[in-house]
Structure formats: structure tokens, C-alpha cells
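Colleague: Work out the full structure: start from the sequences and follow the hints.
There are 2 protein chains.
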Amino acid sequence: MQIEGADQAQQSDRGQFIRSLRSVRRFAPTPIPEDVLRQVLDVGRWTGSAKNTQPWQVVVVRDRDRLRQLAEYGAFASHLAGAAVALVLVMDDDNRRLDEGRLAQNFMLAAWAYGIGSCIATMQPETNVERARRLLGIPTERGVRTVLALGYPADPRALRLELSGVEPGRKPMAEFLHWETYSG
Amino acid sequence: MQIEGADQAQQSDRGQFIRSLRSVRRFAPTPIPEDVLRQVLDVGRWTGSAKNTQPWQVVVVRDRDRLRQLAEYGAFASHLAGAAVALVLVMDDDNRRLDEGRLAQNFMLAAWAYGIGSCIATMQPETNVERARRLLGIPTERGVRTVLALGYPADPRALRLELSGVEPGRKPMAEFLHWETYSG
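Chains as they are written, first to last, in this note's numbering: chain B, 1047 to 1230; chain G, 1047 to 1230.
These aren't lab readings, by the way, just hints derived from the structure by calculation. A portion of the hints provided could be inaccurate.
Claimed, not checked - Quick look at which bits of chain G chain B covers, simulated, 3 or more residues with Cβ under 8 Å:
1) 1138 to 1148
2) 1155 to 1165
Stated by the list, open to error - If you want the footprint, here are the derived chain B segments under chain G, 3+ residues with CB under 8 Å:
3) 1065 to 1073
4) 1167 to 1176
What the hints assert, rightly or not - Here are some chain B residues pointing at chain G (derived, C-beta under 7 Å):
5) S1095
6) N1098
7) L1113
In this text, a Cβ means the ideal position worked out from N, Cα and C, and glycines have one as well.
Modeller: Structure, rendered in C-alpha cells:
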């Protein structure tokens, strides 16, 4: 199985699959099977980073009380309470946000590949970051900003690859793109 | 075509596809067809961001002289000189690095879906960021840290989904993962 062996339809499917990712905030009570979770975690482990420093670790939280606690540590983090799993991204320090974003996106896409929805929750303000560190026993110097809520969508329509027109849109290509220079 | 309709083999393929992404720094002279480039750019446009702010624009550079110039604006940016295309990520300001990482990862995976390799180049130090802004006519307040080099790999073996064991590895799961708490 090689990427170069993929025909045009397969390539286009893969592109459309990546394009289809969107956030899911309401989850079904269905647990995520252990083997599926392991595969999602392994995709995360293989994420690329600056000079392959891999400046990260992950705490996997499934305990309902802990999930409810984490849900209180951010302004828009309430969806964590109903998640099947939370992935707490523990960065070596607070200056790894680009790599943190790469890791978050890879985890979300890996989950999406298995029909699992996800949504980023941001731990804030700093007092809540400190609470999250205490809850999970994470050393003070680590960056703990991003927690991913994972779970099967409460509404299975969320998994359609075709965009429905209901979800938040994006700015048009003309406002996103320039050719050769910023004025182009 | 629905994600929920995907069978186990398809799900596993998608997971393995995401897991297989790695950086490519040496490119074939083959140009990227316009329709393929447009599809990659559209995946980027649909990338999720904090509160759907989409704090980004992209400058697409194909002019060889400009590519050579950009290649001089970073310590490890030389691979830009041989790229078919450079995607310059222009962020609304310098505090959007998590979203910038999500955009970079999505672009790299979208390119990978079409058999196109990529590698991040970081514009640095600040004097070089300023040079990049001047070269492309980008306003001073914008963040211009990350440029993606895109191109078909000079070595087609780069596109194998199976890891060869030659590329840089990753730390083992035991050093990446904790269960429930940081000591778990």
C-alpha cells in the first residue's frame, strides 16, 4: 500500500476526508474501544515536530469526575464533561504552540478517521491551568493549554463528509489566498 | 460517502495515512498541476481555528527567484529553493501559533494525500521575518514565521505508507503516554 499507488479517486477521497473535519461538542455515551483509542494515540505519537523534538506528552483521561473537573477550567470547556475521553496535551514548556497545534490537528483527524468527533478546550486563565496541573499531577513548568474532548457524535449526521451548509463556514478563497505577493 | 459508512479497513487506512506523514526536503522538478494545488489550498481554507476566527491568509509562491530568496531567510530553510511551491502562512498577529500549527499540519496532510511532500521552514531571526515581509509586500503587524515547501519527492520511496525504519523515529509509547494522571 503506497501513496504513489493511490489513484485519483483515492487521492481526492483523502483530500475530502481531511477537508471534512469539523468540531463536535455533543457526544453519545458510547465508549471508545480500547484498540481504536490506541490507534488514535499512535497517530499522535508519530506527529512531526520542530527538529523532531517531540516536545509533548499526553494524559488520557476517562474518569468521569476528572472530566467534569477539567470542564470547569476553561471558558468554553463545558463539552469535556460529556466526552468519552479527554486528551490533555502536556507540552515541555509554553513556547511550543506551533507543534501543539500540529499535534492537536493530527489527533483530531486520527479520531475523525474512526468516526470519532472532537473539540479543543483551552485551559484558562492561568489559575485554571494551575488547577489542571494539580488535578493531574503535572509539573509546574509544563504547558497545559489544550485539552481535546473525544467521543462519538450525539448526532451521527456530524460524520457526513459532505458539508451541510449548516456548520460555520469559511471566508471565500479570494480573502484567503494571494498569488506571489500579498497584493496578488 | 460518509465517514460512518467507512468499514474497518477504510478507517484503518485513513489512520495509517495520517500516521505516515513525514517531512520531505528534496523535491523533483515536476510542477504541481493547478487543479491539485487548488484542492490542497481548499483543504487549508477549511481548517478549523479558535472560535472560527480563521486568523490567516496564504501567499502562494512559485517564482524561482522568490523561492531562492525565501530559502535564505531561515537557518534550515534551504529546501525552499528547490520546492515547486511555497505556502507562506500569514497570521493576523504573532499570537496565533496554535492555529498556525493546525493550518500547517492540514496543508501538509492535504498535500500528502496527493502524493506531494512538504517541509516546514521557519523564518528567523526577526530581521529575516522583516525581509520576508518586504519581499512579499506583507504588512508589518502580520506574523510570518512559517513557510511550507511543497513538491513531489525526489525519492519516490518517501511516499511509502509503511515506515522504513530509516526516517527519524519517535519516542516509545511509554514516554509519550500517561493514563488518568501524569504519574499514571
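Colleague: Run every hint past the structure and note whether it holds.
Modeller: Consistency of the hints with the structure:
Taking a C-beta to C-beta cut-off of 8 Å, the region 1138 to 1148 of chain G contributes 6 residues in contact with chain B, enough for the three needed, and the coverage statement holds. With a threshold of 8 Å between beta carbons, the proposed coverage of the region 1155 to 1165 of chain G by chain B holds, since 6 of its residues qualify and at least three are required. Against chain G, the region 1065 to 1073 of chain B contributes 5 residues with a C-beta closer than 8 Å to a partner C-beta. That satisfies the three-residue criterion, and the hint holds. Note: the region 1167 to 1176 of chain B has 1 residues with beta-carbon separation from chain G under 8 Å; the three-residue rule is not met and the coverage is violated.
For the restraint placing S1095/B at the interface with chain G, the shortest Cβ-Cβ distance is roughly 9 Å, beyond the 7 Å limit, so the hint is violated. Proximity of N1098/B to chain G holds as hinted, the smallest CB-CB distance being about 5 Å (cut-off 7 Å). Annotation: interface hint on L1113/B violated; nearest CB of chain G at approximately 11 Å, more than 7 Å.
In terms of the numbered hints stated before, the structure departs from hints 4, 5 and 7, listed from lowest to highest.
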